[in-house]
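Asker: These protein sequences, in sequence, are chains A and B.
Read in UniProt numbering, the first sequence has 213 at position 213, and its numbers run on one by one without any break.
Read in UniProt numbering, the second sequence has 140 at position 140, and its numbers run on one by one without any break.
Just so you know, these hints were derived from the structure itself, not from any lab.
Given the structure is predicted, the values throughout are model-derived calculations rather than measurements.
Treat each hint with caution, since some may be false.
Among the chain A residues that face chain B by a calculated CB cut under 10 Å, a handful are [stated by the list, open to error]: (1) D117; (2) A173; (3) P176; (4) G177; (5) A180; (6) E199; (7) P238; (8) E242; (9) S269; (10) P294; (11) F296.
For every residue, glycine included, the Cβ atom is placed at its ideal position computed from N, Cα and C.
One-letter residues, chain by chain:
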Amino acid sequence: MAQGILVVVNQEEGRVRRVAYELLSLAQSLASGQVTALTFGPDAENTRESLGRYGADRVVFLSGPAYQAYSSDGFAQAVAAVVSTIDPQALFFPATAWGRDLAPRVAGLIGAGLASDCTEVHVRDDGRLGAVRPMYAGKVYARVAIDSPRQIFSLRPNIQTVVETGRSAEVVAVDPGLDASTFQAVVTEVKQSQGGQVELTEADIIVSGGRGIKAPENFKVLEELADALGAALGSSRPVADEGWVPHSYHIGQTGKVVSPTVYFAVGISGAIQHLAGISGSKYIVAINSDPDAPIFKAANYGIVGDLFQVVPALAQAIREVKKDA
Amino acid sequence: MKILVLVKQVPDTATKIRVNAGDTVIQTDGVKWVINPYDEFAIEECLRLRERFGGEVVVLTLGPKRVEEAIRQALAMGADRAIHLDSDRELDSQAAARVLARACQDEGFDLIMTGKQAVDDDQAQVGPLVAVELGLPQVTVVLTLEVDPEARRIRAERELEGASEWVSLPMPAVITAQRGLNEPRYPTLPNIMKAKKKEVKVIAVESLGVPLDPWVRVEAFSLPPERPAGKILTGDPVEVAQELARLLHEEAKVI
Ligand SMILES: Cc1cc2nc3c(=O)[nH]c(=O)nc-3n(C[C@H](O)[C@H](O)[C@H](O)COP(=O)(O)OP(=O)(O)OC[C@H]3O[C@@H](n4cnc5c(N)ncnc54)[C@H](O)[C@@H]3O)c2cc1C
Numbered sequence: 001m002a003q004g005i006l007v008v009v010n011q012e013e014g015r016v017r018r019v020a021y022e023l024l025s026l027a028q029s030l031a032s033g034q035v036t037a038l039t040f041g042p043d044a045e046n047t048r049e050s051l052g053r054y055g056a057d058r059v060v061f062l063s064g065p066a067y068q069a070y071s072s073d074g075f076a077q078a079v080a081a082v083v084s085t086i087d088p089q090a091l092f093f094p095a096t097a098w099g100r101d102l103a104p105r106v107a108g109l110i111g112a113g114l115a116s117d118c119t120e121v122h123v124r125d126d127g128r129l130g131a132v133r134p135m136y137a138g139k140v141y142a143r144v145a146i147d148s149p150r151q152i153f154s155l156r157p158n159i160q161t162v163v164e165t166g167r168s169a170e171v172v173a174v175d176p177g178l179d180a181s182t183f184q185a186v187v188t189e190v191k192q193s194q195g196g197q198v199e200l201t202e203a204d205i206i207v208s209g210g211r212g213i214k215a216p217e218n219f220k221v222l223e224e225l226a227d228a229l230g231a232a233l234g235s236s237r238p239v240a241d242e243g244w245v246p247h248s249y250h251i252g253q254t255g256k257v258v259s260p261t262v263y264f265a266v267g268i269s270g271a272i273q274h275l276a277g278i279s280g281s282k283y284i285v286a287i288n289s290d291p292d293a294p295i296f297k298a299a300n301y302g303i304v305g306d307l308f309q310v311v312p313a314l315a316q317a318i319r320e321v322k323k324d325a
Numbered sequence: 001m002k003i004l005v006l007v008k009q010v011p012d013t014a015t016k017i018r019v020n021a022g023d024t025v026i027q028t029d030g031v032k033w034v035i036n037p038y039d040e041f042a043i044e045e046c047l048r049l050r051e052r053f054g055g056e057v058v059v060l061t062l063g064p065k066r067v068e069e070a071i072r073q074a075l076a077m078g079a080d081r082a083i084h085l086d087s088d089r090e091l092d093s094q095a096a097a098r099v100l101a102r103a104c105q106d107e108g109f110d111l112i113m114t115g116k117q118a119v120d121d122d123q124a125q126v127g128p129l130v131a132v133e134l135g136l137p138q139v140t141v142v143l144t145l146e147v148d149p150e151a152r153r154i155r156a157e158r159e160l161e162g163a164s165e166w167v168s169l170p171m172p173a174v175i176t177a178q179r180g181l182n183e184p185r186y187p188t189l190p191n192i193m194k195a196k197k198k199e200v201k202v203i204a205v206e207s208l209g210v211p212l213d214p215w216v217r218v219e220a221f222s223l224p225p226e227r228p229a230g231k232i233l234t235g236d237p238v239e240v241a242q243e244l245a246r247l248l249h250e251e252a253k254v255i
């Protein structure tokens, strides 16, 4: 009988994203049966120690010549081959650009139901797994069941806690016997677009600017606050549409959905589409000159005032608090 | 080039979502229905490809009678004809993909486009699942698309976290569109008039002989917890800034 959970993650230069540890920790807390991690690429073997530390009982490395460059159709076939070898009851993917491309492809190929971007996975009364996932960008949460024999979940980063279990993972050899020349869609080039900026969906603190910023050069004011906090920068949609910041900054129902510990909304009115994208934040801090701005209704803390005066003062005050701490 | 665009009708993003206790579907009375915003980028891209290379753009939509409005709008933007897969049932992503694939498999499309996700269920699965059903390659979350109909090759730039990647693949293929790909056009009055005369073929989903039972099922909805009333500070900018820094440090313990 199918048992255990297969956690499928990507790695770069022998390192995995934090979400990989979140998935393994969660899988270990739920699995009846072994937790197996699967990763791809030339440096895959270098992740063995860290994958074991966070909950992998076993690891499968696909590091051969076929797996040098990502291919959604090729990698999906490889996952399907690993699934038929180790016969897991469930598969976990990160709900990242990589995982959200691959997971549905695998779901179609192996004929299993997939719940995307889950914020919770739990064991149900019948012993199978169930999940909670946001819909309408978090305006509502759905508890979902997956009725296919095998179940697939992709999990939103930044939601699960990470637990070190200090396992040492056993390597399982699986050869899907695939030839890269049969892969159709193949990545030919990766371009880094933001110089070292923390990815918004994984950021712990986000400082986000809206139309209240008034001009692109004023974004510097926010950069100073972000710098004091060690935060990533984001924006409302109009600010990105105007080209004041890259599109990748855009947060909301039609942009990124974020779940930081603290979200600073600066000069953002709090339109329903924007609020949908930030509802997973633990704390929301609003800075706005209009006391009636809807953002204050969603905020845990707020300052009514001119951002051009408040934000530099706040950056200063935060530096002082941090210095004393 | 023969191009297919998959279009879903969804509640307008300004909709406040209401659910009744125990319900497994949202309340739809008073909801304004629109084309899924990401599908608009897909439609626009298909129209541009047709304008450049010739051929036709076909709209394929699954849903109840109300989706006719979305179909007319896509036709008014410039699509040539449409297929409406008529069903009152809520299908999960896989059943929807099976139905969509069945309806288009015999037409021989060179390219199939849709949005990167629908902003109702946010599953982001239908594009890749249709690709698997039809045995085609995919690129999702596409920011830039380059099509070479002679060589029958595509190059697409897709968005990653803080980066992007270029993917090379053969045609036919399935492409899902991200914001940034283009700026969708508005229908012009003459095109709205013309759209009324364009062909819309209606097919009853049940007649396709595809299994429709869902694998992924909503069991219950809940609304996100209300946030407790916030502490809103007013007064001298420096003083309130210092007070906020203190609250974040001592009360919330987040800095
Ligand atoms: C289909 C659709 C999808 C959408 N998706 C999104 C989405 O994903 N994300 C998104 O953000 N929006 C989205 N929108 C747009 C959304 O409806 C709002 O228009 C937008 O969020 C408003 O952006 P804003 O808050 O920056 O600007 P505004 O609403 O103009 O607010 C600016 C705020 O700045 C304040 N302000 C001005 N000057 C100062 C100052 N000196 N100091 C302090 N405060 C100041 C003002 O009081 C005001 O509250 C969408 C809209 C549509 C139709």
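Asker: Please go over all the hints and tell whether each is borne out by the structure.
Answerer: Do the hints match the structure? See the list:
The beta carbon of A:D117 is positioned within 10 Å of a beta carbon in chain B (closest approach about 6 Å), and the interface hint is therefore held. Given the 10 Å rule on beta carbons, the hint for A:A173 is violated: about 27 Å separates it from the nearest Cβ of chain B. The beta carbon of A:P176 comes no nearer than 17 Å to any beta carbon in chain B, farther than 10 Å, and the hint placing it at the interface is violated. Hint on A:G177 is violated. Least Cβ distance to chain B is approximately 19 Å, over the 10 Å limit.
The interface hint given for A:A180 is violated, since its Cβ lies 13 Å from the closest Cβ of chain B, which is over the 10 Å cut-off. Because the beta carbon of A:E199 sits about 4 Å from the nearest beta carbon in chain B, less than 10 Å, this interface hint is met. Checking A:P238 against chain B: minimum C-beta separation of about 13 Å lies over 10 Å; hint violated. Because the smallest distance between the Cβ of A:E242 and any Cβ of chain B comes to about 13 Å, over 10 Å, the interface hint for this residue is violated.
For A:S269, the interface hint is violated, the least distance from its beta-carbon to any beta-carbon of chain B being 13 Å, above 10 Å. Look at A:P294: its Cβ only gets to about 12 Å from chain B, farther than 10 Å, so that hint breaks. Checking A:F296 against chain B by beta carbon gives a least distance of about 6 Å; that is within 10 Å, so the hint holds.
Figure legend: structure checked against the earlier numbered hints; hints not met, in rising order: 2, 3, 4, 5, 7, 8, 9, 10.
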